[in-house]
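Chains as they are written, first to last, in the numbering used here: chain A, 678 to 1081; chain B, 3 to 170; chain C, 5 to 470.
Worth double-checking, as some hints may not be accurate.
To be verified - Just so you have them, the derived chain C footprint on chain A, three or more residues with Cβ under 8 Å:
no., region
1, 844-854
2, 1037-1051
3, 1071-1081
The hints are simulated quantities; they were obtained by calculation from the structure and are not laboratory data.
Backbone N, C-alpha and C fix where the C-beta goes; we use that ideal spot for every residue, glycine too.
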Amino acid sequence: MADELQRSALVAKLTRPVAGLMATTYRWVDERLGVTDLVHQLLYEAVPKRGAWAYSLGSATLILIVLQITTGMFLLWTYVPSTTEAWQSLNFIEYHDEFAAIVRGMHLWGAYVLFVVIGMHMVRTFVSGSYKKPRELNWIIGVVLFLLVLGLGITGAMLPWDQAAYWTATVVTHVVSYLPIFGTQVQEILRGGPQMGPATLTRFFAIHIWLLPALLVPMIGLHLILLRRHGEHGSWVNYEGVEEETEAERAKRMANAEAPYPALPSDPGYAVPMDLDEFFPSQVFKDAVVSFGLVLLIFVMAVVIGAPLERAANPAALNYVPTPEWFFLPLDQLLVQFPQAWMIPVGVFIIPGIGTTLLMLVPFLDRTPGRQPWRRPEVMVPALFVVLFLVFEALLAVNRLFNL
Amino acid sequence: MSIAQKRISRRKFMILAINAAGAGAGLLIAAPIVGSILSPIFYKSKYPWVMVADIQHVPVGVPTAYVVMVDQGGDSWQVPKVPRTVYVVKLNLINQVQLIALSNVCTHMQCDVHWDINLNVFFCPCHGGEYSMDGTNIAGPPPQPLFRYQHKLVGNTLFIRNVLVGGS
Amino acid sequence: MPLIASTTPQLTQVPISTGMATALVALLMLAHVQFAAWQQGGYIILAVSDFMGWKRKSANYDRFSKGLVTALGATFAIGGSLAIFAVMILFLGLWGHFYVDLQKVLFWPFVGEAAAFVGEIICLYPLYARWDRLGHVRGLRVGLELLLFINASLQMLLINVVASYMLTPRPAFNLPAILLNPTEIPLEIHRFVGNIAWAGAVIALVAGIRLLLRSGRRPELRPYLDWMGHYGLIYAIGFTIAQPLVGWEYAKEIQLHAYASWYDMMLGGLSVAFLFQVFLLGSIFTVGIFYLWRRVRASGFRSPALAVCTVLSFGAWLLISTPSSLAWSYESVFAANANVPIWQGGLLIPWGAMIPWKLTALVAFTGVTIVALTIYLKYASRGKLRWGDAGRGQAFSLIAVGISVSLIMALMGFIRESSRGPFLITNQMLINQQQNFSPPSATGPALNGPASNAGVSIILPTELHP
Ligand code: HEM
Ligand code: HEM
Ligand code: FES
């Protein structure tokens, strides 16, 4: 009954600005497509009330990926995936097509901001213990999403086929040759031959614009479906006092839960946040503010700084110093630290591999009862060391490259 | 009874057929794709000799860089030749002078190394690998000495081809 | 580029031999470094403890923070006067030339340093004098502590610029290059984590000693002292985890940019000191993990995993303490022409080699300690460790870790300062009379040392004349 009322109020709202014929047309379409129901489903959800600004990072990530896909599609209007013409087509953009240059700048800065924001989203869900029962699988999907986005970043960096791109591609495709047994073969498959060549670029182009996005988009869908299934967990501020709660109080809270809560199975007391708010407009407002700020930042950076284009790839240049993209600095530093034949795979496969595996297994390794970070030292302390490790590696890499 | 049984087995048959059709179609699509992915492994490469320089111009004990267009191998439809730097080195050994043509591709992650006149080593800017004049890896991450191009001398003219042999 | 002497004012030298002056300066600086490091590390531990006491409403944390702030106030007074004394009397009086030259290159870092000193007093004094009253606004107090830490970190950053510049100088009057000279960031990280570990070790040391001496007389203190030792030790070994990584990188940068110093440290006369240093590092990890294992046992839990960690760490300790040769240094092995393994009549011990064995041991320490710490924290955070259970063994372990950290700090200072010898600033100024000096060559003489002569290859004649 309440649902019906809400629904007709929504119909009235959606048709308010348009009178007469337009309203009739809307109703006609709505009866056949169910637009109102869809909007209703998407917008009218309960979300936790406190700490909501921190929960806007997920939708900011989403918006940035949409931005990447959109700008990427329109870069394809000019970009030619060929070793002889890729650089020339982008060089043309830089000097003769100001708007396309901004699009290109937004694609690059969008990627940079995306890495920061997805990292923050990850840290935020980690610190608030959002991966705990029943959201374990959503965390794992998140890790896969993270790896896909990293893959998009590195394959994208190869596409301009300038010096930076060429050497990034060389190093990345040579790393795999240290795989045991099949190393050389995998390298030849990725390069399309024993050495870097035209086939290398077409391969990574296909991976960047088709293969990885085709995996990314459905995975995001799954991430969001699961999010809707369990409801937003929020963080410890939404569950203050659950330990002191009596059975009766808890039962009452569960019984009064709005959809999609209660999230089950979950630890006692954590199925429903203490205070709920509306997703629309409360949460969406915050999401909109944050996303707008980020898009504005990206736009400004694209206009002011833009995307650099170095000289065209030249395998024989002697005075060029290759530097990796900043988000790959920690991995590059590992290459420095693990010298000589048999230790190299330790640095490039074993350590990052163990790290990724542990990251995926976090929901199963963390058996702490509470949600507050200071009551979970056995996960927060090792995580702090991992973060410190990455930061230190990046700083050391900056230092090394600056002083070459 | 018998009709119901028959229906069920019919049902089972259809389910089986759906699975088989799906698997078959998937296989038909996947087989050529996998083949095309793997094809680079089976490419045959030919590497012709290319001229580098007159070795009389190469001083003893000073690695000298020449850029030559070498065949890059594999099966590409364009730019079959790429510029590569060859370091021609005359090593001053105890009682003879020896000539080698070093590839300047770092054996670590294949960046370009260059002869650093201050440090007196081949230096790789990527991760700080260092090689001595004859290509021996002496510091940093490189796992092997620099590779050498196969070379031949016709009179005083040096020819190489893009076939690398292990150094030292 | 040599620093210009002509514009340096003529300073009267105090009538004291250069050797004595050097020893005095060195002693004073070592003492000063230990104070300053404790100060910086102590501030962040203070902020964290106060925050935890606030959020977890724990009496141990509250009591500890109050004790710590008193101690920090007292040590600041001593350490600060030591610093002023060092600058005023020793540097200006004994090493005037050096100080004035350094001042010219590093003017702004020094100004920042002095300003940060004032900031430190402004933040620390209210905490020290009005601790309980500030407790009414707990957030403010924690904020002030954080500010104190940030301030001390800035101070450390600036002085690290000076210290790293002396080892790997860059062209004078190019400020970005000076600020980001090759060893600045490695030194910065190295000291940043090192200071926190050192402060933790001091806390563990104090708790260990008090456990041994006091608890007989005042048994009611036992639970608190036991907790304090555990708390300090977590910082001590936790932050040492980062050291193998950073130290490795630090050495690499020195190798690339100050080869002579690196050669001295790794292959030359200082290599014995270096060996002792990695021995101490192994001792911190191994004794620390041993403590974790036995402390859990003292409260009645058997943890085979922690026992395995202790054994692994012990193995890595043995590996890393193995000298690479039977001689005093690799230099002398090379001079004796005996660089083959001992069983072939030489002097080398192959598994004492840096790559891959010492590197493997370093990686092992890092991994094992993270695992051990995680397991231990699990016991601690579930309230399974009854405070007061610790025995004499744990007290001795705490003391051993504390002493090891203290020794390693002094030793590292010694290694870094003497590796530059005979220079005070690499290639630019000699210690001896601090005169100006033009660099003999860009990289120093040792580059053509033994390493690069190895492996001259013979090419087959067929390859030459096909
Ligand atoms: C393509 C990248 C991603 C997108 C578009 C995305 C999107 C979202 C959105 C919109 C939310 C809900 C709002 C919020 O809590 O911030 C969310 C929640 C969540 N995300 Fe992501 N995410 C991405 C990557 C990741 C990654 C890398 C992880 C972790 C490894 C992750 C783990 C989670 C978890 C555990 C939640 C549940 C949070 C809760 O219920 O409190 N996501 N995600
Ligand atoms: C999460 C998604 C994505 C990320 C993180 C990403 C990242 C990047 C990066 C870092 C570059 C290099 C830019 C430069 O160095 O100038 C790049 C280039 C490119 N990307 Fe993407 N990208 C994404 C999605 C897409 C999609 C979906 C498309 C196509 C539909 C696309 C098309 C392109 C093209 C054509 C280029 C080459 C043009 C250029 O270098 O400016 N990207 N991408
Ligand atoms: S690529 Fe040359 S050292 Fe890594």
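Here's how the hints hold up against the structure:
| no. | hint | verdict |
| --- | --- | --- |
| 1 | 844-854 | violated (count 0) |
| 2 | 1037-1051 | holds (count 3) |
| 3 | 1071-1081 | holds (count 7) |
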